[in-house]
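Protein chains in written order, with this note's numbering: chain F, 317 to 854; chain C, 405 to 680.
There could be a bad hint or two in this list.
Pulled a few chain C residues facing chain F out of the computed Cβ check, cut under 8 Å [unchecked claim]:
| hint | residue |
| --- | --- |
| 1 | Met405 |
| 2 | Arg423 |
| 3 | Gln490 |
| 4 | Pro495 |
| 5 | Gly507 |
| 6 | Leu509 |
| 7 | Tyr523 |
| 8 | Pro524 |
| 9 | Ile527 |
| 10 | Arg619 |
The set of hints was computed from the structure by calculation and includes no laboratory data.
Note that the coordinates shown come from a computational prediction; the quantities given were computed from them, not determined experimentally.
Glycine included, each C-beta is placed from N, C-alpha and C at the ideal position.
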Amino acid sequence: MKHPRDPAAPGRAAALLLAIVILWPLGVIGEFHPWTLFEAQNLRVMGGFLAAFLPPAVGGEFLAHLGRATLETLAIATAGIALAFVLAVPLAMATTQALSVSRIGPGPGRRRGEWLRAALRVVLVVLRGLPELVWALLFVRVFGLGPAAGVLALGLTYGGMLAKVYAEILESGDSRPARALLEAGASRLQALCYGLLPGAAQELTSYTVYRWECAVRASVVMGFVGAGGLGQLMDQSMRMLNGSEAASILLTFLVLVLAADALSGLLRRQLGETDGRAGALAFGRRSSLWLLLLGSALLASYLWLDLGLAALLSAAALASMAAYFGAFFPLDLSPDWLASVAWGALETVAISALGTLLAAAAGLLLALPASGRYGQAFEQLTRFLLNALRSVPELVWATLMALAAGLGPFAGILALALHTSGVLGRLFAEALQNAPPRPRDALLEAGTPSASAFLYGTLPEVSPQLIAYSLYRWEMNIRMAAILGFVGAGGLGQLLYVKLSLFQYPQASTVIAAMLLLSVAVDAGSAWLRRWLASPGG
Amino acid sequence: MFRLHDAELTHSNGFVALRDIALAAEAGEQLAIVGPSGAGKTTLLRLISTALRPTRGRIDLLGGDPWALSAAELRRLRARIAVAHQAPPLPPRQRVVTAVLAGRLGQWPWWKGMASLLYPADITGARAALLRLELGERLFDRCDRLSGGQLQRVGIARVLYQQAQLVLADEPVSALDPALALQTVQVMCGDAAARGATLVASLHAVDLARSCFPRIVGMRDGRIVFDLPVAAVDDALLSELYATEGGGLPLLAGEPAGMSLPARAAGLPPRGTCWR
Chain F
317 MKHPRDPAAP
327 GRAAALLLAI
337 VILWPLGVIG
347 EFHPWTLFEA
357 QNLRVMGGFL
367 AAFLPPAVGG
377 EFLAHLGRAT
387 LETLAIATAG
397 IALAFVLAVP
407 LAMATTQALS
417 VSRIGPGPGR
427 RRGEWLRAAL
437 RVVLVVLRGL
447 PELVWALLFV
457 RVFGLGPAAG
467 VLALGLTYGG
477 MLAKVYAEIL
487 ESGDSRPARA
497 LLEAGASRLQ
507 ALCYGLLPGA
517 AQELTSYTVY
527 RWECAVRASV
537 VMGFVGAGGL
547 GQLMDQSMRM
557 LNGSEAASIL
567 LTFLVLVLAA
577 DALSGLLRRQ
587 LGETDGRAGA
597 LAFGRRSSLW
607 LLLLGSALLA
617 SYLWLDLGLA
627 ALLSAAALAS
637 MAAYFGAFFP
647 LDLSPDWLAS
657 VAWGALETVA
667 ISALGTLLAA
677 AAGLLLALPA
687 SGRYGQAFEQ
697 LTRFLLNALR
707 SVPELVWATL
717 MALAAGLGPF
727 AGILALALHT
737 SGVLGRLFAE
747 ALQNAPPRPR
757 DALLEAGTPS
767 ASAFLYGTLP
777 EVSPQLIAYS
787 LYRWEMNIRM
797 AAILGFVGAG
807 GLGQLLYVKL
817 SLFQYPQAST
827 VIAAMLLLSV
837 AVDAGSAWLR
847 RWLASPGG
Chain C
405 MFRLHDAELT
415 HSNGFVALRD
425 IALAAEAGEQ
435 LAIVGPSGAG
445 KTTLLRLIST
455 ALRPTRGRID
465 LLGGDPWALS
475 AAELRRLRAR
485 IAVAHQAPPL
495 PPRQRVVTAV
505 LAGRLGQWPW
515 WKGMASLLYP
525 ADITGARAAL
535 LRLELGERLF
545 DRCDRLSGGQ
555 LQRVGIARVL
565 YQQAQLVLAD
575 EPVSALDPAL
585 ALQTVQVMCG
595 DAAARGATLV
605 ASLHAVDLAR
615 SCFPRIVGMR
625 DGRIVFDLPV
635 AAVDDALLSE
645 LYATEGGGLP
655 LLAGEPAGMS
665 LPARAAGLPP
675 RGTCWR
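Go ahead and model the full structure; you've got the sequences and the hints to work with.
Take a look at the structure:
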């Protein structure tokens, strides 16, 4: 009998080789030097700063500032996410394949539908291709310092993100009910409500709440460019190396994120409960209460922020906006500048790729205890650690890491790795908990060691999800890596920040264009990679 | 091989799934468990495989009380027991070769299990197990490319590959057509006999049980109703066992009771040939 060989082996070997060939130069570009962390001088600065954390500042005046800033941060996040939701729902409905009428048959207007969908996808890419902080930095110069720029920036960026993810969630579920309705002549909205929402509402809601939580973190950072909220305070404390104030603010972040977590869990549980209700009313008393609370929170946010949106749409404001954005054209395309932008882009990619890779590895290691496989105590402990890691925004991590490892791209890598391992660890733990337990249990019942049972029984089931999460985070981290330069952690952000400060708008717009291009490339690349991984033999 | 002493199992919701179970099997013995749905066949197999712990009574397994062992000893004990599941618990994205090789993870050192994920450690062995079930050509396919019946046979191939001393099978051929079901059970019986392993199978089709197993255990409402050599199990006894199910006895191909073998016309061996 001929000895059979594994037909997948050459492909795997090639992939491994390719990974090394790609990662090595990225490490060089990203100045990946872990040993700098342990240099005496860096240890001393960081140690001194950390030692000042205890006790956290609790002065009356400082606490009043902190409370006001916290409320403003929450209001910016809430108002921003509401704007994003309003933008995202129609965009998601128009772009998702699950609600395409013209694909049935294929029917009339198929070509037009595809064009429209493609055009809207481009709009989405532009909206979320630029980090909210860049939008904020741009808007602050038109609308002045204050929360309006932050709300608009959040609304645009998160609108694009929500629309994309909504469309994906709608496509990932069972599309047959909606399709049957569309085939029976229902409208898109009807098919959405009757065919897709019953299956997807829970995931959509929990993702929206999760995004709100991200918006809180993003609006924290808005203060760094003058768009209000906690960021302003943090910026001051960090500049003065005031450890006790920084500790208080970091604790506030943690509380904010934990509160958002609790709210998300509460909402999800309640969604699950209403499923079993037999009453005629679609919304139970509790859901109505939630909607009422949500409405009043929105109203309070807009009132608190005093946005004056009408003034933004006056003729004079529109004219000054047009003049301002007109100054960005034409782009500076001289070879010298293009070369520096290209290097900045490479650095950004290196920072994001290495940061995400480190985070995925650390996240998986942390997800094992966080999914409860080593007992309740470890689960709670790692969950707290994960929450602490992700409750601190990347930009804040970057300022801390610049103390620990010096200015430069390596600080950016560490910042992304720390924050993202918190995010991925939580998502991974959820995926591990939701994985079908039978394959693993069957292996354990056959005397398999638990590590092997995990690798053979659980990992094959969850690995596509883990990879998809990591790729999606990488996509987000590329945009984040572009901003980290605002605090001196390398990449495109550094170039943009410098050029905007010098009012050199044509050069700045080249950097913005590079950010967009990068985002598009990553979008295409990760979509291709996901398809390849889903295909047989991947 | 194993011995249950008045074992009783009560689920956490208070439902008594098994009561007064006294059952024993010697090394090399082969027995089939039959009975209507909900009789407790699966629970009994899970009790023997140490997936469930009896709430009352005792179990002796491979020379001792498994629940008195340390975790490491229990793991080693479990590696000597193989279970073929009705719905094989195989990850859909796993390749057949990996799924089959996973049968020996309990016997391999941990590093071999890791290495085998990069390059299958024993392609020949996995292929040999699959070839016995006529699945040799699906070696490198992914499990989600297989039909339900093929998947069930991959699960059995894993059991064959594990080479356990005690083989438990829970409706192992429920998704196969009659001819293939008979052939597959014959492979399992033959393998166990050749290695001197003990085989306990719950079967829905009573004619399959009677044609392949020398000893039949009838279960109903969580109790063992009879435990007899196959010659003593007649249609009357079985009809009584299945009394509430309505209609005739559950058979492999749906012929009326008493027509003994399903696929006699197809030239398959008559009753009683797959055990010695």
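A quick look at each hint next to the structure:
no.	hint	in the structure
1	Met405	16 Å, violated
2	Arg423	23 Å, violated
3	Gln490	11 Å, violated
4	Pro495	4 Å, holds
5	Gly507	7 Å, holds
6	Leu509	4 Å, holds
7	Tyr523	6 Å, holds
8	Pro524	5 Å, holds
9	Ile527	5 Å, holds
10	Arg619	24 Å, violated
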